[in-house]
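K.L.:
In case you want the letters, here they are:
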Amino acid sequence: NAGVTQTPKFQVLKTGQSMTLQCAQDMNHEYMSWYRQDPGMGLRLIHYSVGAGITDQGEVPNGYNVSRSTTEDFPLRLLSAAPSQTSVYFCASSYLGPTDTQYFGPGTRLTVL
Amino acid sequence: DQQVKQNSPSLSVQEGRISILNCDYTNSMFDYFLWYKKYPAEGPTFLISISSIKDKNEDGRFTVFLNKSAKHLSLHIVPSQPGDSAVYFCAAPVPFQGGSEKLVFGKGTKLTVNP
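These protein sequence lines map, in sequence, to chains A and B.
The opening position of the first sequence corresponds to residue 1074 in this note's numbering, with each subsequent residue numbered one higher.
The opening position of the second sequence corresponds to residue 6 in this note's numbering, with each subsequent residue numbered one higher.
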């Protein structure tokens, strides 16, 4: 049981490049979400999904897209990277939603130059 | 505007003593709170939670106290151990769009337990 896995662990992009951060969970959780953590800030919700085929925007969705074609996978796409997207990104999953225990991946540290 | 506030960025205590981490919230309608613990280069992990129908919840060395009138909760760690050194986040589910909820986090408190 691997829990929540994220790849890559580190990534450096140039402004304007695109990339996909991968997230997968093997716990059959319906709810998955992406957060970003910036220095001195708490985690902020980017996008979330309540099940396969259903996604919605969080509090800071601009510049990011998501899809949920399977229960297991929830990739986050940066469309055209900007320095403001330099952050640590965490994927999380849970059975029911925000009130349920969230299981977090180890994070992806992204730097945009 | 922060709905969940942790006003102490850091806390340092001696091994064996009590650690008290504080969290304030803005909305008296919030009815459930969680604490997450985060080690460097790892994702947060769930530590303990409390519902507003209780004023205390205990799990081993960890106890969370809720003071609804003050809109304040605190996490007590007794006795503190060096392995408790981590960043602790207070969080609460709050109403979001379309009848959904989202989890809002405080900025975190970095706890250092000195041997």
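Think of the hints as simulated: they come from the structure by calculation, not from any bench.
For glycine and all other residues, C-beta sits at the position ideal for the given N, C-alpha and C.
Among the clues, some could well be false.
Stated by the list, open to error - With a Cα cut of at most 30 Å, we get these calculated DSSO-like pairs of lysine-lysine: (1) B:LYS42 <-> B:LYS10; (2) A:LYS1082 <-> B:LYS107; (3) A:LYS1082 <-> B:LYS115; (4) B:LYS115 <-> B:LYS42; (5) A:LYS1082 <-> B:LYS42; (6) B:LYS59 <-> B:LYS107; (7) B:LYS73 <-> B:LYS59; (8) B:LYS73 <-> B:LYS10; (9) B:LYS107 <-> B:LYS42.
Stated by the list, open to error - Covered stretches of chain A, going by a simulated chain B footprint (3 or more residues, C-beta under 8 Å): (10) 1088-1097; (11) 1125-1136.
K.L.:
Give me the numbers of the hints this structure contradicts, sorted from smallest to largest.
P.N.:
Failing hint: just 10.
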